[in-house]
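Trainee: Whole structure, please, built from the sequences with the hints as guidance.
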Amino acid sequence: MSFAVPDSVRPVRDAVHAFMTERVEPAEPALHAGDISVLRELREEAKRAGLWALGHPKELGGGGLPFLDYVYVNEVQGRSEFGQIALGTYTLQDSLMLHEHASTAQRERYLEPLVRGDISPSFAMTEPATSSSDPTQLRTSAVLDGGEWVINGHKWFTTGASRAAYTTVMCRTEQDAPPHLAFSMILVPTDTPGYTIVRETPVLGLDGAHCEVRYEDVRVPAANLLGRRGHGFVIAQKRLGPGRIFHCMRWLGQAQRAFDLMCRRLHERSAFGEPLAKKQLMRQHVFDSYTEIQSARLLTLHAAQAVDAGSDARVEIGAIKVVGARMLHNVIDRAIQVYGAAGLTPDTPLDRMYRHARAGRIYDGPDEVHIDSVGRRVLGAYTAGGNWEFGLR
3 MSFAVPDSVR PVRDAVHAFM TERVEPAEPA LHAGDISVLR ELREEAKRAG
53 LWALGHPKEL GGGGLPFLDY VYVNEVQGRS EFGQIALGTY TLQDSLMLHE
103 HASTAQRERY LEPLVRGDIS PSFAMTEPAT SSSDPTQLRT SAVLDGGEWV
153 INGHKWFTTG ASRAAYTTVM CRTEQDAPPH LAFSMILVPT DTPGYTIVRE
203 TPVLGLDGAH CEVRYEDVRV PAANLLGRRG HGFVIAQKRL GPGRIFHCMR
253 WLGQAQRAFD LMCRRLHERS AFGEPLAKKQ LMRQHVFDSY TEIQSARLLT
303 LHAAQAVDAG SDARVEIGAI KVVGARMLHN VIDRAIQVYG AAGLTPDTPL
353 DRMYRHARAG RIYDGPDEVH IDSVGRRVLG AYTAGGNWEF GLR
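All you need for my numbering is the position in the sequence shown, starting with 1, plus 2.
Hints were generated in silico from the structure; no laboratory data involved. Quick caveat, the model's predicted, so the values are computed rather than measured. A portion of the hints provided could be inaccurate.
[Claimed, not checked] 30 Å max Cα-Cα, derived DSS-like pairs, lysine-lysine:
hint	residue 1	residue 2
1	60	240
2	49	281
3	60	49
[As the list claims (entries may be wrong)] What follows is a set of in silico ranges between Cβ atoms, one per label pair, in the way DEER data are often shown:
hint	residue 1	residue 2	range
4	36	379	42 to 50 Å
5	176	23	43 to 51 Å
6	198	377	17 to 25 Å
7	51	285	38 to 46 Å
The C-beta atom is built at its ideal place from N, Cα and C for all residues, glycine as well.
Mentor: Here is the structure:
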């Protein structure tokens, strides 16, 4: 089948592309400076244009785009780090998680305001004292005391906690259960006593609201349990799988933007009597970037098709997480090289894009974990005389 954007999706994708390039990208300097009024204006414009929360189900007040259609839209939404926030899709993973697992009271308190953009969520899994590549080591605990959960622990990289209404906290609730049935998800309002934001941790010099949070005898009602007790890993996996596809499609939007900047620079800049575009080594940058972007895009769309067809797509998702992050880093790196000294400055968006790209090889699972998992699963297909037939997968 073709991996071009389907005709049925093209109009909304084009509208989002225009919104990103004409409204969001020019506003980035003000948004980086923290101008909330500009962000509010963009969000209102998106709502008036019918571009708000496109991936959220219609019954929640969203645009109701099917999964695969939204994947194509996410590709252009990812051109700017502010795309998700401006278009109301920043909350999508949390909204879908609540839509499937939340109680009626939880839906009324959190889900409906999330989709409207009235509140922001945060998600706490990573801890500074344990290896995130083995989440069964997580130490944050929750003990049921009468009608309340009492939570104690230490999390970090809880993105957006400083502006969130609540945090979904992964914590150990079962002492004698198998490791993957020992953890639960609990909703904790960020104004709960004992919930303390220690700091917003800068990442490679960028202030991205990645918060370090301590939980000291934090008490919330027993009804704040999300989904079934002991099923935290099941909920997390359902959240992270499609989320990684969304990440990879947004990375493709970033790569497209860097590729455009690089190619235009090659035509605009001259050295030694001719445009850079006539230099063989510069054309090598174009060739390498083209092949990496196209490869990552096809792999990502293949993974999205597998998920849409009902597969857990563990191999496909693990592969694109690694390939996509590396691709993005490489393409931006080449664009910086073409710009020379200017590429190291804030005169282009490349310096921020480069730092964000490097973080992609760590969050949602470091490369090494996904590489090992993919290798193990593929090799497993060869046991008892089996094989991995690419044309049939």
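Trainee: Each hint needs a verdict: does it hold in this structure or not?
Mentor: These are the hints, each one checked on the structure:
1. 60 x 240: holds (20 Å)
2. 49 x 281: violated (46 Å)
3. 60 x 49: Status holds; Cα separation ~14 Å.
4. 36 x 379: 42 to 50 Å: holds (44 Å)
5. 176 x 23: 43 to 51 Å: holds (50 Å)
6. 198 x 377: 17 to 25 Å: violated (41 Å)
7. 51 x 285: 38 to 46 Å: At roughly 39 Å between Cβ atoms, residue 285 and residue 51 fall inside 38 to 46 Å, so the hint holds.
Checked against the numbered hints given earlier, this structure breaks hints 2 and 6; the rest are met.
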